[in-house]
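Asker: Heads up: the sequence lines are chains A and B, in that order. In terms of the numbering used here, the first sequence is residues 11 to 287. In terms of the numbering used here, the second sequence is residues 737 to 1043.
Careful: at least some of the hints might be erroneous.
Claimed, not checked - Restraint-style ranges between C-beta atoms, simulated for each label pair:
no. : chain 1 : residue 1 : chain 2 : residue 2 : range
1   : B       : 1025      : A       : 283       : 51 to 61 Å
2   : B       : 795       : A       : 201       : 16 to 26 Å
3   : A       : 154       : B       : 740       : 34 to 44 Å
To be verified - Distance condition first, Cα-Cα at most 30 Å in a straight line; then the derived DSBU-like pairs of lysine-lysine:
no. : chain 1 : residue 1 : chain 2 : residue 2
4   : B       : 932       : B       : 769
5   : A       : 126       : B       : 873
6   : B       : 932       : B       : 873
7   : A       : 126       : B       : 769
8   : B       : 873       : B       : 769
Treat the hints as calculated values from the structure; they're not laboratory data. The C-beta atom is built at its ideal place from N, Cα and C for all residues, glycine as well.
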Amino acid sequence: MSVADPAGTLAPAEAPTRAPLDLRPAPGAARWPRMLGAQTRMELTLNLRHGESVLLTLIIPIGLLLFFSAVDVLPSDSRDSVDFLVPGVLALAVMSAAFTGQAISTGFERRYGVLKRLGATPLPRWVLLAGKTLAVLAIEVLQVVLLVAVGLALGWEPRLPGTAAGIGWLAALLVLGTTAFSGLGLFMAGTLRAEATLAAANGVYLLLLLVGGVVFPLSELPGWLRVLAEGLPTAALSEGVRAVLADAASPGAGPVVVLACWAAASVALAARTFRWE
Amino acid sequence: MGEILAVEVVDLVKTYGQARAVDGLSFEVPAGKVTALLGPNGAGKTTTVEICEGFRRADAGTARVLGADPRDPRLRPRVGVMLQSGGMYPGARAEEMLRLVAAHHAHPLDPDALLARVGLVGAPARTPFRRLSGGQKQLLSLAMAVVGRPELVFLDEPTAGLDVRARHDTWDLVEELRTAGVTVVLTTHAMDEAEKLADQVVIINRGRVVAAGAPVELKGGGADGELRFRAPGRLDLDQLLTALPVGSRAVERAGGHYIVSGTVDAAFVAAVMAWCANNGVPATDVRVEQRSLEDVFVDLTGSELTP
Chain A
11 MSVADPAGTL
21 APAEAPTRAP
31 LDLRPAPGAA
41 RWPRMLGAQT
51 RMELTLNLRH
61 GESVLLTLII
71 PIGLLLFFSA
81 VDVLPSDSRD
91 SVDFLVPGVL
101 ALAVMSAAFT
111 GQAISTGFER
121 RYGVLKRLGA
131 TPLPRWVLLA
141 GKTLAVLAIE
151 VLQVVLLVAV
161 GLALGWEPRL
171 PGTAAGIGWL
181 AALLVLGTTA
191 FSGLGLFMAG
201 TLRAEATLAA
211 ANGVYLLLLL
221 VGGVVFPLSE
231 LPGWLRVLAE
241 GLPTAALSEG
251 VRAVLADAAS
261 PGAGPVVVLA
271 CWAAASVALA
281 ARTFRWE
Chain B
737 MGEILAVEVV
747 DLVKTYGQAR
757 AVDGLSFEVP
767 AGKVTALLGP
777 NGAGKTTTVE
787 ICEGFRRADA
797 GTARVLGADP
807 RDPRLRPRVG
817 VMLQSGGMYP
827 GARAEEMLRL
837 VAAHHAHPLD
847 PDALLARVGL
857 VGAPARTPFR
867 RLSGGQKQLL
877 SLAMAVVGRP
887 ELVFLDEPTA
897 GLDVRARHDT
907 WDLVEELRTA
917 GVTVVLTTHA
927 MDEAEKLADQ
937 VVIINRGRVV
947 AAGAPVELKG
957 GGADGELRFR
967 APGRLDLDQL
977 LTALPVGSRA
987 VERAGGHYIV
997 SGTVDAAFVA
1007 AVMAWCANNG
1017 VPATDVRVEQ
1027 RSLEDVFVDL
1037 TGSELTP
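Just need the whole structure built from these sequences, with the hints factored in.
Answerer: So, in structure tokens, the structure goes:
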């Protein structure tokens, strides 16, 4: 018990328990809600257990929020930097959970044969993917709660265009953004090698952090880059959330259309190219 | 019940690039029995099993599993699978992984009782998969194959990397599965494992079946040994066999090597020697050997089984 015995050569003091097991065949698939609950719980447990995943989805967004609200590198305009930062960091948080984290974990699940092995159980593939999505949404709820709390502590003053309209717009943007980023993450995980996915997902994360309107306004970018950035999902999400939370306005057609296009294209691409082995 | 087939494979072919991993392979697995696919590494055992599990498509030929196409999703609850390696979330604990797979089934075994049965109790049950020893990973993989109470299980190299004790525990579990009416298909390159466990052995080499039958049949129609000697070539072996009990066999190999197999007891040896003396045959290097599946394999393929 106290001595490490990796080879298992030391016999335990007591005989192994031989509780009678009823091995007679009784095959059958569980009902899908039970499978979905088990998959979601496993995904969530693993996400919160892995230090690198917690770092990516919780610590870095909170750290960026604290850092950039204390160190004022932003152009001094009328509004408080925290009012600018909270919407951007919320967008970053969604990207880190739905895209970066999901791409890396799914890439390694494919590499280690987890997806292959689960394909040999009665688990339907749609339940496996739905479990991933529910786990991502649960993490996003946790991110939103923590970021809003930190933001409020830093003096953030959200200005919603009416409570119902504001919550409705935010939920719509969150769902569209999560779909777009999940599609991109699964596309990457389903086609590249796990190591390549790890490198590419982190690289894209950093790139989109810089040009996604997260901590620097898009207006600071050179003209050509700004045009390019506005077509990217991170900028669309951060600008959309910022319009609702900072300007008490609707996000406008631009960000919604950009996110919807990314969502449709990335999910279609992932569905066509994903390989389970 | 005796003639019901759990698996039927006919003329299966699978090619990877230039290499024919499986090259016109056919065999049948009777329901409720233990069948061992025996052969060296690279013989095509895993490819064959993975086609039957629905992971791969054959290039030609057919495989039927429990009367259905192996890729039919309705087979998933009925068939348990043990992969040769991997298949687990690296960060998941053994008990979490087994509970997850149990939750996919309608009437699973109790995961804790099953973990205890395969010896993963205490610390190993709570250890993340990536930190388990090779043997512990194998035992967890075995548990995952049976937790859903399937009718048929495919075990790919179930005892590779196990210590003696875990190996015997695995053998016991396979025998319990058979007693419970579960059909077992396992791959192995261990002769003793095939001889001990299997009702039927299918010997595979270079993607083809070279022999199939009960271990005792393969070893020579119920004979339990063989007598070998050297003598000048072209002996009249038919005449020799008339002097021996019915069912004995005799073959001549290159270089004047003779193998006479049958129930090799003192009378058998005496009869062979008497025949040699009576016919003026100078027999040398006379040896009596128990014939093992290893000998069968070497005879059939001309190569050693040991990978």
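Asker: All the hints need checking, so say for each whether the structure fits it.
Answerer: To see whether the hints hold, each was checked on the structure:
Hint check: residue 1025 of chain B to residue 283 of chain A, Cβ distance near 58 Å, so the stated range 51 to 61 Å holds. Distance hint check: the CB atoms of residue 795 of chain B and residue 201 of chain A are about 24 Å apart, consistent with the given range 16 to 26 Å. A C-beta distance of roughly 57 Å is found between residue 154 of chain A and residue 740 of chain B, which places it outside the suggested range of 34 to 44 Å. Restraint check: the Cα-Cα separation between residue 932 of chain B and residue 769 of chain B comes to about 13 Å, which is no more than 30 Å; the hinted pair holds.
A C-alpha spacing of about 16 Å is found between residue 126 of chain A and residue 873 of chain B, which places the hinted pair at or below 30 Å, so the restraint holds. A distance of roughly 23 Å separates the Cα atoms of residue 932 of chain B and residue 873 of chain B; the hinted pair therefore holds under the 30 Å criterion. Taking the CA atoms of residue 126 of chain A and residue 769 of chain B, the gap is about 27 Å. The hint holds against a cut of 30 Å. The straight-line distance between the Cα atoms of residue 873 of chain B and residue 769 of chain B is roughly 26 Å, inside the 30 Å bound, and the hint therefore holds.
Checked against the numbered hints given earlier, this structure breaks only hint 3.
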